[in-house]
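**Q** Here's the letter readout for the chains.
Protein chains: 2
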Amino acid sequence: MMTDEVKLYGLWRSPFVCRVKIALNIKGIKYEFIEEDLDNKSAELLKYNPVYKKVPVLVHNGNPISESLVIIEYIDEVWKGVPILPQDAYEKAQARFWAKFINDTCIPALYKAIGSHGEEQDVVEANKQLQFLENELNVKGVVEEVLGIELANKDKFPKIIEWSDNYIKCQAVKDGLPPRETLLAFLKNLFGKV
Amino acid sequence: MMTDEVKLYGLWRSPFVCRVKIALNIKGIKYEFIEEDLDNKSAELLKYNPVYKKVPVLVHNGNPISESLVIIEYIDEVWKGVPILPQDAYEKAQARFWAKFINDTCIPALYKAIGSHGEEQDVVEANKQLQFLENELNVKGVVEEVLGIELANKDKFPKIIEWSDNYIKCQAVKDGLPPRETLLAFLKNLFGKV
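Chains A and B, in that order, are what the protein sequence lines are.
The first sequence: position 45 = 45 (this note's numbering), numbered continuously.
The second sequence: position 35 = 35 (this note's numbering), numbered continuously.
Simulated from the structure, these hints should not be mistaken for lab results.
Where hints are given, some of them may not hold.
Which copy is meant is left open, so a pair is good if it fits within one copy or across any two.
Said to hold, decoys possible - Result set (DSBU-like, lysine-lysine): computed pairs, CA atoms no more than 35 Å apart in a straight line:
| id | residue 1 | residue 2 |
| --- | --- | --- |
| 1 | Lys47 | Lys128 |
| 2 | Lys159 | Lys112 |
| 3 | Lys27 | Lys7 |
| 4 | Lys112 | Lys80 |
| 5 | Lys47 | Lys188 |
| 6 | Lys47 | Lys159 |
| 7 | Lys30 | Lys128 |
| 8 | Lys7 | Lys128 |
| 9 | Lys80 | Lys188 |
| 10 | Lys41 | Lys156 |
| 11 | Lys41 | Lys159 |
| 12 | Lys169 | Lys80 |
| 13 | Lys100 | Lys53 |
| 14 | Lys154 | Lys53 |
| 15 | Lys100 | Lys27 |
| 16 | Lys41 | Lys112 |
| 17 | Lys156 | Lys30 |
| 18 | Lys54 | Lys7 |
| 19 | Lys154 | Lys27 |
Based on the provided sequences and hints, a complete structural model is requested.
**A** The following block contains the structure:
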């Protein structure tokens, strides 16, 4: 049996990297994690992702793969065991649609609301996008604690909150996320609130 | 044997819609095409794609799917026969990476160069992105004829041009693209050149 060599180039606080860690954990794959310094990117990262020069990059037996959703599809196809995407073609299409929605629409709207320190119109827009999600996204947590604004609550988004609460109970997810206190300290520093 | 009911809500000149038409043609799937009026979108489009309200939307036996790349993955999974994506997991990941690159990076750069009527810095940027593509994209054609600028040529991008020339020779592709003269007339009108 061939031994797989799996390396993940990442950044501890990137949600796109955490997503890949969680996928690897779900499959029970052993991997080496290489923390990148974004101000001084490694030669390997520049070689493996010459188009975007971004993390995450998964390197499987020397073959690099970039873009978190592409990586997750690859992990799901190569390693059997617990499936990540639904098996039914239509349900799989729905999962891909919502994953793309989170990437292209939700995350940018949330980043904008965070970047503007909770400016009302940006929060309204983020809420509008979250309204489309019923059971896909984990947004409650440290961001709200840092900014002192509420992006999602049980009354407005009961299904997201329920999904989120269940999601973070899973061991594979817990192991893929940074420690809450570390992330909180980083964000407080970033946004100038102590 | 169950008869499939396949409907495609689209717009004749949208490259995202043409892409789905080509996938359906490759699989030999019969479908009903519904041309949308973007100024007066149909109730069906709004119902089937409430998030983006955009074409293309594929409706298969009453189940709607949005986002062209998600639709193509679905078509490839549901209808066997000629495969669209590579079978090998790593090659498939590469195909997904480049498809995402074309969507997120190349097409926006090209639209920007077109929208600014070929402003130098926008053409340089589009060329920079095209440089990453060796065999994925069909960019040569009516856009250049309308604007009188050259975005891609045989010296700079020999592999793209070769791929493009071969791509449009395929009958499934030809049948999925709008007539050249119709598209040319539309774009000339749009950009005010006759």
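**Q** Look at each hint and say if it fits the structure.
**A** Okay, the hints, checked on the actual structure:
1. Lys47 with Lys128: Classified as between; 18 Å across copies, 39 Å inside a copy.
2. Lys159 with Lys112: For Lys159 and Lys112, only the intra-copy Cα distance (23 Å) is at most 35 Å; the inter-copy one is 39 Å.
3. Lys27 with Lys7: Answer is within: at 15 Å inside a copy they meet the 35 Å cutoff, but 37 Å across does not.
4. Lys112 with Lys80: Answer is neither; intra-copy 38 Å and inter-copy 42 Å both fail.
5. Lys47 with Lys188: within (33 Å within a copy, 42 Å between copies)
6. Lys47 with Lys159: Only across copies: Lys47 and Lys159 sit 22 Å apart there, 42 Å inside one copy, limit 35 Å.
7. Lys30 with Lys128: This pair counts as neither: shortest intra-copy Cα distance 39 Å, inter-copy 37 Å.
8. Lys7 with Lys128: Between copies, since 29 Å is at most 35 Å while 38 Å is not.
9. Lys80 with Lys188: Neither: 40 Å inside a chain and 52 Å across chains, both beyond 35 Å.
10. Lys41 with Lys156: Close across copies (29 Å), not inside one copy (41 Å); limit 35 Å.
11. Lys41 with Lys159: Answer is between: at 30 Å across copies they meet the 35 Å cutoff, but 39 Å inside does not.
12. Lys169 with Lys80: Classified as within: same-chain Cα gap 23 Å, cross-chain 39 Å, threshold 35 Å.
13. Lys100 with Lys53: Intra 21 Å, inter 15 Å, cutoff 35 Å: intra and inter.
14. Lys154 with Lys53: between (38 Å within a copy, 28 Å between copies)
15. Lys100 with Lys27: Both ways: Lys100 and Lys27 sit 22 Å apart in one copy and 25 Å across, limit 35 Å.
16. Lys41 with Lys112: For Lys41 and Lys112, the Cα distance is within 35 Å both inside one copy (25 Å) and across copies (29 Å).
17. Lys156 with Lys30: neither (39 Å within a copy, 43 Å between copies)
18. Lys54 with Lys7: within (15 Å within a copy, 39 Å between copies)
19. Lys154 with Lys27: within (31 Å within a copy, 45 Å between copies)
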